[in-house]
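Going down the list, the sequences are from chains A and B. Take 1 as the starting number for the first sequence in this note's numbering and just add one per residue. Take 358 as the starting number for the second sequence in this note's numbering and just add one per residue.
What the hints contain is simulated information worked out from the structure, not anything from laboratory work. For every residue, glycine included, the Cβ atom is placed at its ideal position computed from N, Cα and C. It cannot be assumed that every hint is accurate.
[As the list claims (entries may be wrong)] To be clear about the criterion: a stretch of chain B counts as covered by chain A if any three or more of its residues have a C-beta under 8 Å from a C-beta of chain A, and this derived list gives those stretches:
1. 373-387
2. 553-559
3. 579-590
4. 617-626
5. 640-653
6. 671-682
[What the hints assert, rightly or not] So the derived list for chain A, only partly shown, Cβ under 8 Å to chain B, looks like this:
7. 217
8. 260
9. 341
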Amino acid sequence: MGTTIVGAFACCMIVALPRAASGSEAVSAETKHPPTSFELLPVAASLVPGFLLHGSGSFVAGERTTAKRLLAIEGIGLGLAASGIAMLAVTGASRRFVAPLAGMTIGGGFAFVGSFLADVYGVSVPASRRGSPPAAPRLEAALFTSYRYDPRAATDAVISPRVAATFGSWTVGAEGQLAPNTATSRLRGELRYRIWQESSPYFGFIDLQLAVTQLFLAADEIDTTSVELVVPLRFDLAHIGPTLRGAFAELAFGGLIGTVNYDAVDSRDTDSALMARGTLGAYLGEGDGEVKLYYDHRRDTLAGGLLGGGVGAGFLGFVGASATWFPTRHLGATATVEVGSALLAGVGLAMRLGEGR
Amino acid sequence: MKRAWCLALLFVASCLNLAEERALRDETVGQHALVHVDEGRAAVRAASDTSVTLWASAPELEATVHSGSLTLRIENVLADAALVGLEPTTAVGERLQRSATEYEWQVTSSSGEARVALRAPDSSDVTPFRFLMFADVQDALDRVQDIYDVMNTVTDARFVVMAGDLTERGTEEQLAEFRERLRGLAIPIYATLGNHELGARGDPYYAWFGRGSHTFQFRGVQFTFVDTASATVATRTRMWLDTWLEAARELAHVAIMHIPPIDPVGARAGSFSSKNEAYVFLSELARANVDLTLYGHVHSFHAFENAGIPAFIAGGGGALPERMDGVGRHFLAVDVDPASQRFEVALIRVD
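Use the sequences and the hints to build the structure in full.
Next up, the structure:
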């Protein structure tokens with residue numbers, strides 16, 4: 001199912017990018033197109049009327065092709081999201097179709113929001129601030145501490161170690177989230193295989209990711225084990241227009257199955273979930289890091305899912321922002337904020353060594 | 358800039374506390390200058406100097422009337438229920454029937470303050486009995502009489518419990534229509550609210566049908582309604598729940614709520630916003646020996662287990678149905694044996 005949606009997204013991109021600039025055209029164009037300084041009018045236009053007409057900022061800046069493509073992506077996103085919602089309504093969220101239809105709605109919503117944010121980025125970040133993707137290090141590690149606020153649980157500090165190693169097309173990683181106040185721990189191991197990668201002047205990829213997650217809610221004698229299979233795809237936004245150089249979009253779709261053990265009552269349930277995540281990001285410096293904004297449809301992390309008011313209650317995952325920056329070759333800093341039914345905000349240290357790919 | 362950050366943090370904090378305000382609303386139910394209903398087991402629908410109208414959200418209730426003489430009208434009452442005075446100074450007049458579930462009494466007190474109780478004759482009988490359950494009428498109010506007609510034919514059903522989404526948006530007009538159409542149902546209905554009751558400013562649900570989270574005991578069975586309309590349970594509600602669960606540990610216990618903690622169809626995720634919260638919540642119910650969980654929200658029928666507790670989703674009240682599930686409009690008939698704490702659940706199709 002995940003690959004189908006990734007494929008559908010790729011098709012949308014192809015439709016939205018008729019005869020997208022070839023590599024050489026783009027390189028020659030991008031060197032002159034990103035704004036050299038902050039210009040107020042395009043930025044204002046990217047917000048109003050850009051909030052409704054995505055690409056307005058690029059249009060005012062003279063980037064007509066980029067503007068048209070962003071508007072097309074907005075339209076496609078809106079169409080996908082509206083169609084997904086309509087079909088969910090028509091089928092009554094039928095168990096037979098809900099996974100692809102929810103995926104379609106989320107993908108469409110992401111394209112809709114992403115085209116707006118991409119336009120703002122394209123006209124507000126001057127050329128001197130545009131970054132380029134970092135080379136994949138052989139070994140990455142991070143240790144950060146977060147503050148977790150959840151009105152329904154004790155406030156907690158979360159310690160999160162993370163490590164990943166890359167060998168050619170393979171990446172193996174592990175991470176933990178340890179919250180001592182609430183006796184909560186979440187351990188995750190993942191294996192990624194790079195199916196396809198696009199290199200200079202653009203950077204993109206399609207991965208296949210297998211992950212196993214264990215959650216322990218020790219105070220309540222609950223533990224869960226889940227296995228997820230996800231297809232993450234990164235798309236270089238410079239494909240859309242040279243003013244978007246240094247930005248990327250990431251989509252990931254897949255599924256999860258798992259078990260939940262209630263040890264106190266000696267009971268076990270099975271569980272499943274749709275995995276869907278949309279990320280919009282930008283590189284920092286010459287491979288010095290990246291910042292990301294994302295929506296993740298999962299609700300089994302410490303952030304939970306967004307609480308909707310009114311009739312829209314439930315159904316949503318969480319939103320987040322993260323930044324990783326390496327001021328030196330090997331050592332850097334990382335920060336994350338995630339908001340779902342709980343708020344999770346943290347900072348930490350990051351390390352990278354060698355070249356893995 | 359600092360002010361903007363503070364406002365942003367306050368906004369996020371308020372978003373994380375969505376259900377808390379409704380828990381506070383729960384505490385105001387049944388409180389009026391003329392009448393105080395213990396534990397909010399009735400909403401004060403109307404009041405004047407000489408009369409008060411209550412909507413009962415439990416088969417039995419106790420109340421204090423702050424008047425020397427008052428006409429007390431109670432809606433949503435068992436046909437064989439009686440109002441009795443709890444103090445020698447309180448006198449209760451003859452029962453006048455206004456409809457199948459509406460009765461009126463004249464209450465007088467020589468002290469100017471009367472204590473009264475609505476009592477069901479079989480409340481301490483612990484032999485098996487039957488109740489019905491449904492949810493999710495929403496925009497199908499004009500067809501709900503079809504369901505009531507079938508419910509009226511089920512023999513020996515004492516009352517109906519409803520797991521939310523009475524109406525499409527929860528407006529005054531829609532709630533009034535729901536109330537009006539209930540005149541076609543021969544037995545009382547005890548409900549909690551659903552997410553579709555949250556579409557109107559001021560949440561008028563409370564004034565019409567009482568608390569979102571409440572509990573009562575009837576014939577040896579504890580019925581606990583939990584407000585999960587925001588896909589979470591408020592902290593204040595969790596504290597009440599701790600007390601309710603502990604008090605009913607030895608009883609047959611059924612928990613009724615709108616949004617299920619876990620949707621058996623994971624990809625649909627019509628469930629709590631946080632799975633971790635859902636697991637902990639279910640674990641609490643299971644450890645307190647809750648015997649049955651009943652849910653709405655999903656417009657279909659599911660029978661499954663959560664944390665070892667039998668669970669049923671019965672969202673067949675007429676709202677946009679799940680297609681290709683082989684189930685149309687429906688409700689559940691639940692036979693309970695309080696002595697053995699056994700529940701038998703039957704699906705009754707309306708279409």
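Hint check results:
no.	hint	verdict
1	373-387	holds (count 5)
2	553-559	holds (count 3)
3	579-590	holds (count 5)
4	617-626	holds (count 6)
5	640-653	holds (count 4)
6	671-682	holds (count 6)
7	217	holds (6 Å)
8	260	holds (6 Å)
9	341	holds (4 Å)
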